[in-house]
Amino acid sequence: MHFALRLSLVAGLLAATATGACASLESYDPNQEGAAAYTLSSALRPGAGFLCSDLELHFVYYGFGDDLHAEVSSDRQTDGSLFVFVSGSHTIKLATKEEKTAYFRCAGWVDAAGRSHGIELTAEYNPTVVVAPRVLSFVNGTLVADPVGGADGTKGYWWPAGAPAVNEIDISSLQGSVGLRADRSGLVTVAYGPGDSQVSFRSWRVDATPALVVDGADVPFTPPEGSIIATVRFADEVVPGVFALVSESAGTLQYFRTDRSNAVSAVVPDTGIMRYSRNPDTGHVQIVGTTVHDWDVDGTGTLVSPPLPPLSEGYVPWTVSANGAAVSELSQPNNLAENLRIPLSYQVAFVENDGFVGREAPSTPCANRNTCRAIGEHYLIGALRSGPQRYGVYYSWPWLQEFVRPLIVIAPLP
Amino acid sequence: MSLASAAQAQTAFHGQEIFDLSRRSIDLAESQLRLHQANERFGTMYSHVAITSRWAPGEFVMSDGTRLGGNLARNQILLGGGGGDTEEGLFFLGLQLDQVAGVGSPGQGEDTAENSKLFRPGGVSQFMSYLGGSFHGVQASAGMLRNEMSISDLEVNGYGTFGRAGSVRPGAPADLQTADYNPPDSLLFTLYDNHTGAFLSLAYGSQEERTATEWMGQTSYRFEHKSMGIQNVRFNLQPLQYYLPEWLGLPFASIARYDRPLAEMASQMDTDAAKRTTDIQIGADDVLEAGLRWRVLLNKADDFRVRVAELGYVEEFRAKRFGVLFGARAMTVNRGTGYEPSAEAFLKGSFMRASAEVDRRAVPSWFGAAVSYSYNAPESQTFIALPKAHVIGLQLVYGPTELARPLVPLVRAVESRKARNRSSEDD
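If you read the sequences in order, they're chains A and B. Residue numbering for the first sequence follows the working numbering, beginning at 73 and increasing consecutively. Residue numbering for the second sequence follows the working numbering, beginning at -10 and increasing consecutively.
FYI, nobody ran anything at the bench for these hints, they're computed from the structure. Please note that the accuracy of each hint is not assured.
Under the rule of at most 20 Å between Cα atoms (straight-line distance), these lysine to aspartate or glutamate pairs were calculated in the EDC-like manner [as the list claims (entries may be wrong)]: (1) B:Lys289 with B:Asp268; (2) A:Lys165 with A:Glu410; (3) A:Lys165 with B:Glu203; (4) A:Lys169 with B:Glu203; (5) B:Lys377 with B:Asp9; (6) B:Lys377 with B:Glu48.
Looking at chain A on its own, in the form it has when it is part of the complex:
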C-alpha cells in the first residue's frame, strides 16, 4: 500500500490570487444620490421623469412616516414648456415617538416634447414652511414671485428659460397682487394712490442682473363713481395698455378694467380662498378655495362654483391645492410598518369647462406598480395641468437609505 502524504499548505496562494489587479478601476464618486434615480429611471412609465435632483433629506434609521404635504405651482411658458415648483414637507416619527419634519423645495421644467429637466435651486437656507408661490412665466424666463428664500424672506427665484439653475432675485419691491403683462414681457403690480380712491398699475421686467426694474410709467386708475377698490386680490394687463384688477370686500368681488366704466360684481361663497389667477386658456378668473370657482369676468360675468366630483368608496376627501387641482387617495395600511400606508390609487380632478372632471390616476410613476413598490414608496403629492395635458407629481422615497435620497417624479396622467 502506498502512503505518500504530500500535502503542503500554500496558504499565501489563496490570498495572492484573490487580490491581483490587472486594470485599474477609475475613481468613483461615492456620493450615491443617483442610486434610486438610476434604478427608477428604467421603470418609469413613458413620459415620466425626474423634476429635480435628489432631495437632501437625511432621515435617521427607524424614523418613518407618510405624513406628506406639498404644493405644486407651475406656469406654461411662451414656448410651450412648463415650469414647475414644488414645496413640501415630510414628517417622520422616531422610535421614541418624537416627530421630525423635513422641508423640501424642488424645481424643474417639462419641455415642449414632454421631457422633464431638473433645475438646481441655489438658495442657501433651509425652508421651514410649505409655500405655494405665484409662478409667472415671461418670454425670457419664469419668476417665482412670492418670497421663498433669503434670510429676510424677500428672495424669489428667477429662472432664465432653459437654464440649469435658478437665481435668487430680490422681490421686496413687489407688494400686493401681481399678474402678467399682456405681452408677457414682465409683470404688473398695483398700488394705492396717487390720489384718493385711486390705484396705479406698474409694469416690471427682469433685467440681466437679474433684478426687477420698473418698465414704463405708472398707469393710474380711478374706479367708476360709486365703486370702491378695497383689497386688491388680483391684477394683470388684459391687452397692451389695458389693465384689470379684482377687489374683494366681505366676500364680494369686483372686477375692474381700465378701459371700462363699470365693474363686474360677484359673491364668492367661500371663506378659504387661497389663490386668484387668470386661466390662460379661457381668460376667466380662477379662484381657488375649498373648491375652484370660475368667474367669466370678460363675458357673462357669472361665477360658477362647481361641486367637487363624488368620490368612489374608500377614497379620502378631496384635497384642493392652490393651483386648482383636487386629489384624493385610496390606500391600505402597510402591514410591515404602522406609520406607513400603501397608496392603491388616486383620483385627480380639474375644472374643465363648467365643472370638475375627476379621473383615476396611477399610484406610482412606474409602468408596473410592483416595480415601483420594490424600489420605494410613492405618493402623489400634487397634480397640475398645462393645456390638455395633465401631470402628476410623485414623491418617491427609496427603501434603501443612508446613501439614497427621496426623489420628485413628474409623470403624465391619463
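We have chain A already, so just place chain B on it with the hints.
Relative to chain A, chain B alone:
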C-alpha cells in the same frame, strides 16, 4: 495595456446579473466529483496545488449608472494530497476555494475614512476543507463547506447595482429586506463508485426559513435556523469505461436542481419562497475515439427548450514526457433572446512523471500550464455565463492537471484508459 482597454466592446457588469450567475456557477460539489474521478484514474491522490484564474475585462455599472473599467475574475484553488490507493485503501484530504470577484485597485488600500467611501470590488466564494478515503474502488469524502455568497459580499446593493449596500428602512417589502442572504454552511458528503462512475453528493446543514419579527410597530424579516437537514442532493453518472460501443465515446448525463437567487425575486412582492429550477444535460466526450464532443443542455423553466448545443474537438500530442493538449468548441446559446454564437479554445502543456505510483494506472503530470480564450461562453465551471464576455484564462498546476477543472471542459483521456484496459487484460 490593460485588459480593460484591450476589448473593443466593453462587457457591462450589472450587479444583480453577476450575482445571479455567480451563485449558479460556484459549486464545490462538482469539484469533488472531479477529484474522485482523478483519484480513480490515477489510483491515488497525488499532492497537488492548482490555481485557475479567468478574467473578463469590462465595466462595472455602479448604482448611479457610472461605469468603472475593471475586470471580473473567477479564481479557483485546489490544494491537497493523500496516501494509499483506491482499491486497497486510500486516505486523502485537501482544501478548495472557488470565487468570483471584481478586481481593481482604487479603494483597496489603507482602510482610511476617505478610502472607505470608495468602491471596493467584492467577491462571493465557497471554501471547503475535506477528508476522504477509498476502499475497493468506492470513494467517500466529508467536508465542511463555507459560503460567502450574499449579495453584499459582491458589493451589490438591494437594487442590484454595484455600490454600497446601505440598510433597508422599515416597511420595505419582505423580499427586499431579505435580499442580502447568505446560504448556510454545509457538511458535504460525497460517494463515488469507481466501477460505474456513479456520484452522489449530499449537503447537510441548517434549514433556514424566513421569519418575521415585530418591534416598535414594524415587521422585520430575516432568515433563521429552523432545523438541521439535507439541503441538496446531486447525482451524476459518467462511466469512465466503454459499456457502450466505443464510437459513442463517453456519454454523460446530469440533472441539476437548484434554487434561483432570492434577490431575483425582489420585485415580486407576493412571492414568499425562492423558486427552484432544473437543468438537464446530456452529451458525450471522445466520440468516435477521435476527441469529438457533443452536448445539449435543456432547462425545465424554459419548457425544456435547448439552451446550449455544443460541438467540440480536442487533440493531444506527446513527445516523451512533454504533452500538449489543444481543444476548441463552438456553441449556439439561447439565453431567452434567440440563439447566439459562442466559441472557446485552449492550449495546455504538461510535463509528465516518469511512471505512475500505482501500478497499471495512468501516469500523471508533474506540472501543467494552460491558457484559454472564450467568447460568449455559457460556461459556469471556470467562469460565469456572462453574455458577450471576452474571457482570458490561465491555469497553473503542480500535480495531475486532471484534478483541476479544465479551462475549457474538453477531455481526451480515452487512449491512455484503453491502454490501461488492454494492459489489465494482458495480465
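Hints, one by one, checked against the model:
Distance hint between B:Lys289 and B:Asp268 is fulfilled; the C-alpha atoms sit about 6 Å from each other, no more than 20 Å. Restraint check: the Cα-Cα separation between A:Lys165 and A:Glu410 comes to about 11 Å, which is no more than 20 Å; the hinted pair holds. Proposed proximity of A:Lys165 and B:Glu203 is supported: the alpha carbons are some 17 Å apart, at most 20 Å. Of the pairs offered as hints, the one joining A:Lys169 and B:Glu203 holds, with about 16 Å between alpha carbons and a cut-off of 20 Å not exceeded.
Distance check on the hinted pair: B:Lys377 and B:Asp9 sit about 16 Å apart at the alpha-carbon level, within 20 Å; holds. Distance restraint check for B:Lys377 and B:Glu48: the Cα-Cα separation of roughly 13 Å lies within the 20 Å cut-off, and the hinted pair is therefore satisfied.
The structure is consistent with each of the numbered hints, conforming to all of them.
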